[in-house]
Amino acid sequence: MLEEERSLVKRDPNITGFDLILDDQAMLLVIQQHFPQLNVTSVQKHYLRYKQTTNCLARYHITTNSTRQELYVKAFTKKDDFKLTKALLLQQQERRHDDLNFNQKDYFQRYVLVEHKLIFYGFPYDDKLKALPRLIKDASRQVLLERVLKHEGSLENTHITPLQYKPERRFVAKLTQPSGEHFLIKLHTAHRYQLASQAQQLKMDEKRLLTITGRSSKHHILMYRWIEGDNLTDSYHGEGFDLEHIRSTGQYLARFHRSKKKRLNTRNNDEFTHVLTQLGEGISHLLPALKPRIKALLPSLTTAINSLHSKLRRIHGDFYSKQVLLTRKGIQFIDFDDVCIWYPAYDLGLFIAHLERDALSGIITHGLANQITQSLLEGYAEIHPYSKKEVELFIAVGLLQLAHHPFRNANPQWPSVISLIISCCQDHLKQYLNVSAPLSSPPIVIAGESCPKQLQELSYMAAPLIKMLSPILAKGEIANLESIHLIRHKKGKRCLLEYMFTISKGDIKNELSILGKGRIKGFDKRAWSINTQLYEAGFNEQSGDKIQVPEPLGYNESLHIWFQRKVAGETLFYPFSNKEEGLILANKVAEALYKLHSSSINIDKHHTIDKELSLLWGYLSKVMETHNEWKEDIKELLLRCRLLSELLPPSAPCVIHRDFYQDQLIVQRESLFILDLDLCCLGDPAVDIGNFIAHIQEQCLRDFGDLNYANKSLSELTRSYQELSKKQTAPSIEIYTLLSWTRHIYISQRIAERQPFTKAIIVHCLSLSEDILNKYTSKVSR
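Using the UniProt record's numbering, you'd call the opening residue of the sequence shown number 1 and step up by one each time.
Rather than coming from a laboratory, the hints here were simulated on the basis of the structure.
Since we're looking at a predicted model, the values are computed, not measured.
Beta carbons are placed, not taken as given, at the ideal position from N, Cα and C, and that holds for glycine.
Any given hint could be a false lead.
What the hints assert, rightly or not - Cβ-Cβ distance ranges computed for the label pairs, FRET-style: (1) Gln-755 / Ser-7: 14 to 24 Å; (2) Lys-130 / Gln-668: 50 to 60 Å; (3) Ser-7 / Leu-679: 23 to 33 Å; (4) Ile-227 / His-274: 49 to 59 Å; (5) Leu-773 / Gly-367: 40 to 50 Å; (6) Leu-195 / Ala-139: 49 to 59 Å; (7) Glu-625 / Gln-668: 40 to 50 Å.
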């Protein structure tokens with residue numbers, strides 16, 4: 001059992017058998033004790049449904065000496081003794097009389113373990129899906145289907161193949177007749193049966209999307225004509241997958257959204273956000289360390305949803321790749337149980353959220369997820385425009401909805417994966433709050449104090465920017481400035497703006513985003529020169545190594561601003577922390593650093609160890625002024641930093657980034673982009689490596705609760721860099737890593753959400769500094 005699971009059990013003592021539910025080995029011992037005749041050799045949970053202080057349900061695979069079986073167990077509280085008593089009475093009745101003539105050795109039919117307040121159900125017995133045993137058993141299935149569903153034709157000697165089973169919720173199976181004809185059978189709870197029944201009238205291009213061949217309102221069963229095809233999820237996991245299928249899926253979804261919306265309910269925003277809030281609170285209960293982040297997320301998401309004014313359309317409501325079939329006739333959607341009227345961007349966002357969850361869980365690569373996302377949106381846009389802003393919002397919403405899935409699906413790394421999903425959710429919410437409005441909306445111009453107003457006026461900026469872009473436009477292309485958005489503004493210092501263009505050629509329209517970097521006190525000629533020099537020195541799209549800087553496009557000295565092409569892609573942290581992708585990226589980062597350090601551009605500033613220590617003293621003095629309880633520890637730490645700085649081996653200065661960390665790197669397929677070179681100067685190359693290592697470890701501490709989480713990738717980075725440079729720089733890297741970690745004491749106090757980690761950072765810095773001192777000195781007078 002994981003430490004997080006032990007903690008969860010302690011926080012919810014009401015559920016008596018909760019510890020057994022979560023511990024496969026403990027559950028194995030219980031089953032072996034109470035059912036020795038089954039000779040069970042292993043137990044593995046693969047589905048969990050947990051209601052705080054109420055109950056927990058778990059579905060297991062159990063292996064015996066000869067078979068593999070399914071069962072689910074439900075744990076109750078002390079207040080549920082009446083449920084256990086009722087179950088005991090039913091158990092006794094079932095033991096006396098088995099009206100379906102099931103094998104009497106099937107002791108998991110229903111079994112109550114009173115001392116642990118557990119009830120066992122052996123498949124196909126289910127406490128809520130009462131008709132499931134009759135559907136599974138050959139003899140009873142024929143009677144059920146012929147008398148209840150009134151299906152035309154013979155249903156003798158049918159075969160049933162289970163496809164999906166969620167205990168006490170839903171069972172889906174493939175029914176095969178001796179003739180070879182197939183049908184889809186769905187068994188629901190009462191509420192879900194009513195929702196699923198609405199889908200029978202759905203049409204597209206005047207054709208029904210589903211053909212219901214039978215139903216039973218009493219038993220909550222629906223039977224459909226089988227649709228032959230390949231599941232989209234299985235297809236893109238195979239070799240040679242054609243992304244054209246994804247593009248076609250996007251096109252089909254757009255047509256689905258544009259179809260008539262008759263006899264469907266409109267989703268209620270208040271009800272939806274209430275459920276979203278409950279899901280968020282559930283995640284906070286699973287992992288209390290995430291509570292501050294989720295507490296900040298929920299009001300922003302709720303406000304955003306309630307502020308939408310887009311046109312409502314028919315949506316699928318639960319759209320992801322398993323709901324898509326590739327048939328001989330083209331794309332076909334399935335499972336319309338949640339179809340309703342709402343915002344079409346929700347279907348797109350949820351589909352993409354599923355991809356990103358799978359990438360974060362290691363099921364697919366981030367590269368494949370990005371390719372599928374791009375193809376889906378491109379296909380959709382060919383039929384109908386969509387709001388990028390709203391898609392970002394609903395990716396964030398979808399990720400929060402899916403955040404509990406690693407726990408529900410019994411992922412052995414569920415705490416770290418949930419943390420990754422929440423971080424990804426935050427990133428998309430930030431994108432929603434920052435990205436420009438869709439092209440069909442009026443231009444958004446956001447004023448920023450001290451940021452020149454002219455930079456934010458369409459009428460003022462359009463002509464000079466279009467003129468600046470003319471060299472990169474193809475023949476016949478026309479650029480039109482659609483909107484301007486202020487992304488960041490540091491009062492009295494800098495501002496970052498995004499300029500959105502449409503590039504038209506006949507009926508074909510594309511989008512182009514450029515970033516403008518303004519400096520209030522004057523044009524930053526130095527930053528413009530550094531970026532331009534690096535771009536021209538091989539950091540461009542023509543480079544064989546694909547290590548680039550964003551393309552510089554031009555500048556306006558009188559407005560104190562220069563421009564570069566915006567780079568789309570993924571920031572480095574999560575793929576770098578992934579155990580498979582991380583090692584590959586570590587080598588790529590080392591290669592990028594070595595390329596930068598080896599460049600011979602003209603540069604005029606130097607960064608020395610004395611400057612580093614001076615900055616560090618200034619930062620930490622501010623922390624000591626406000627936190628007297630840390631003053632002695634920080635003083636001791638600064639002393640150790642000074643002592644270690646004197647042990648730094650001499651190093652020939654080279655071009656360094658000086659602010660090199662994960663957010664300054666964008667991964668775009670095989671390309672790696674280096675961003676924000678404003679602090680670029682001459683210095684010790686270990687400055688960049690140490691800074692990168694400390695930043696990765698610090699985020700691992702916050703996101704995973706383990707600062708060593710990505711150390712395998714970090715070790716590979718150091719090894720690879722030293723191999724490229726043919727220099728042993730380990731002592732310098734370790735010392736600069738400590739200096740960067742020490743700076744995080746100040747950073748953590750400056751950023752509110754990081755303040756709970758300050759003490760842990762101080763403790764780590766003291767331990768790290770002592771280790772390095774012991775390693776590189778024999779005697780150090782304190």
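- Item | Violated hints - listed by number, lowest first | Violated hints (numbers, rising): 3, 4 and 6; every other hint is consistent with the structure.
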